[in-house]
Amino acid sequence: MSHIKTSMLAAALIAAAFSGAPARADGDPVKGKATFLAVGCFECHGRSGQGGRMNYPAPPLAQLQLPPESLAAFLREGRNDMPPYVASQVSDADVADIHAFLQTLPGPTDPKKIPLLAR
Amino acid sequence: MASKRSDTAAVGRRGFLKGAALSGAAAITAGEAKAVPVEAPKKASAAYPGPLQLAADTERPNADPATQTSSGGDFMTDVLQSAGIDYLFMMCASSFRGLHEAVLNHGGNKPEIIVCVHEEIAAAMAHGYYKIDGKPQAMICHATVGLQHAAMAIYNAWCDRVPMLAMVGNILEEDKRLPGAEWNHSAVDPGALIRDFTKWDDQPANLQHFAESTVRAVRIAQTPPMAPVFISVDAELQENPIEDREKLKIPKLSLPLPAMGEMGALREVAKMLTNAENPVVVVDRLARTPAAMPLLVELAEALQCAIIDVGGRMNFPSQHPLNHSGRARAAIAQADVIVGIEATDLWGLINAHSDRIVRSNRPIYKPTAKLATIGNREMLIKANDQDFGRYQPVDLAISGDGEASLPYLTEQVKKLIDDGRKSALAERGKKLAAAHASMIDAALSNATIGWDASPITSARMCAEVYAQIKDDDWSLVGTSVGLAWPRLLWDMKKPHNWNGGSGGGGVGYNAPASLGAALANKKHGRLTVSFQGDGDFMMCPGTLWTAAHHKIPLLYVMNNNRAWHQEFMYLQAMAGRHQRGARNTRIGTTITDPNIDYANLARSFGVYGEGPISDPKELGPALKRALAVVRNGEPALIDVVTDPR
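Those sequence lines, one after another, are chains P and V. Here our numbering is used: the first sequence runs in plain steps of one and ends on residue 578. Here our numbering is used: the second sequence runs in plain steps of one and ends on residue 646.
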């Protein structure tokens, strides 16, 4: 699924370059979690940001390697199945909060350390 | 045709009932009109009620005899046995009481009756059974009211190109119907209800006609492209005596060999594949028999090409380094030759689509890529239901059975590969193996995210189940969790390790079709597991009673995300498009308030149940307990509260 992450990253960075969205790195992860659940992000990406799929794969978001403004750009004009979230639905402040929340989620670990996944 | 429902008899019964009713009414009236002192009841005399009254109560008109020594149903039972029908999935109904009784008392319960509490369950069980056993079975229900219940499951089987013999009881002659329900439950042409999604149907007019049409139906159903067939069975034929058994003949069932594609065209495909730099073979409903998988492996390894298994059948080992189903888009984008073999929706796979305002699409494949198809899907298409998918232009389309065509295609490919080409192909194989390994590594890494979270992730749930069954002769059946994790991370290498999807996507398939598959696995002693979506389950929860009643061993792992989650996501997309109400979409899409207690529900049906389980640490021990029940020959259900995806 690495190609999905790569294409998502590229799309978001390109979009961010044109969005002019303000950068914020001081989001509130508690508020971010509430918004993440309330506006339905978890439906495709999972409560742990583990990813999932609808018609297309929904990439993992835990420990998202994008700045808040890139996440905002992606939210405003998502690709494939991603619903567009306009500012009246999810404000830039909400995006910063969601971004902060995603940084609190544990990302992937070494599967060899989990007996059920070790090969 | 002999008849028990003669006009004389009908008048006689009506007259009797009318007389009885009038007598009762007269007695009440007399009692109300005149107060009579209460007396001790007189001792009945030998003459009471008198021989005339006794005769009136018990005698039947001579034209309507009470007993018989043979029945059409007996002969029908012989026909079903002769046609190889082992199971009759059914919910009892008076319109086929004649056949029902004959199966029990003439046939010795052969075909074996599997009792279902809903006609949709009966048809879906026949569907699931075939996809493990490879042998079509029969279901029967009322005409009209039963068939409309069964129709959804028959439609799934049609889309999945699965054969079954669907039957109804019907009272064809209107002067033989009793008042009331027998009129509501009869139809001139019951097959019309499902003719859009059955391959053939008939309503036999006599017993010889029944024999020939039933054997013909079973043969047509199993001739690729396979599909359900339908027989409407007249109640008079079932119930009444056979006039002359010696005159009735049961035709032998002979199945035609599936037709392979034209040999010259297959040689052309072999050239295309052999000369390509990056050929890709796409398969979906390819495997008709257990022989298909090794045949496809042989072709793939000869070519060292990527296989994309859409998953309509268990076509290709999941962990084979040439299995690139999990990176289909990347493989398609690189391909210079794409060959679809029984690939139901090739257009859907090789084009990208947008679920946005204009629903645009674009090819994923290169404009210069050559495309070919082998299969028989287009040999059975009807106009109304659009299950055939969008038209995909190709360079070479070959009509013929995919599995039957594989040996010759592979033989031709091998002939075209010289030693020089072999080394190039080996290099390609190494690159594909590396890409496959990367795909698996990425999946394993993603599976670790949220490993200890509650609700439980689908990756954790699947890993916990696999750990408990991997050393058994296991069979994963049904469609829930999208099968993404098992198809990526489980070692599926036997034909019964997985049995494909529902076909039509009709909700309500998973529970009964999984049970049908488990019944087929039972005689082989296989351990059957099904991930069961909660939304799907609530369509046919009574399936659990059949599982308990017939002691069919199966573990249902309830993937309980408390929603019709696909619809939840679609509604979110719609709110996003309309720029409003992103926080409202759980209304109408979620199954909460109250939460359903599936374990308790299972126990109420006589099935072992545990849950709800929200803590991932509790899941392994619960599975172990439930699997002990299943290994002991009985069904069990574990309710796992899961994260949506």
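Hints listed in this document are in silico derivations from the structure and should not be mistaken for laboratory results. Some clues are possibly wrong.
As the list claims (entries may be wrong) - Quick list of in silico lysine-lysine cross-link-like pairs, DSS-like style, CA-CA up to 30 Å:
# : chain 1 : residue 1 : chain 2 : residue 2
1 : P       : LYS572    : V       : LYS494
2 : V       : LYS625    : P       : LYS572
3 : P       : LYS572    : V       : LYS471
4 : V       : LYS494    : P       : LYS571
5 : P       : LYS571    : V       : LYS625
Hint check results:
{"no.": "1", "hint": "P:LYS572 to V:LYS494", "in the structure": "26 Å, holds"}
{"no.": "2", "hint": "V:LYS625 to P:LYS572", "in the structure": "22 Å, holds"}
{"no.": "3", "hint": "P:LYS572 to V:LYS471", "in the structure": "20 Å, holds"}
{"no.": "4", "hint": "V:LYS494 to P:LYS571", "in the structure": "23 Å, holds"}
{"no.": "5", "hint": "P:LYS571 to V:LYS625", "in the structure": "23 Å, holds"}
Hint compliance for this structure: no hint is broken.
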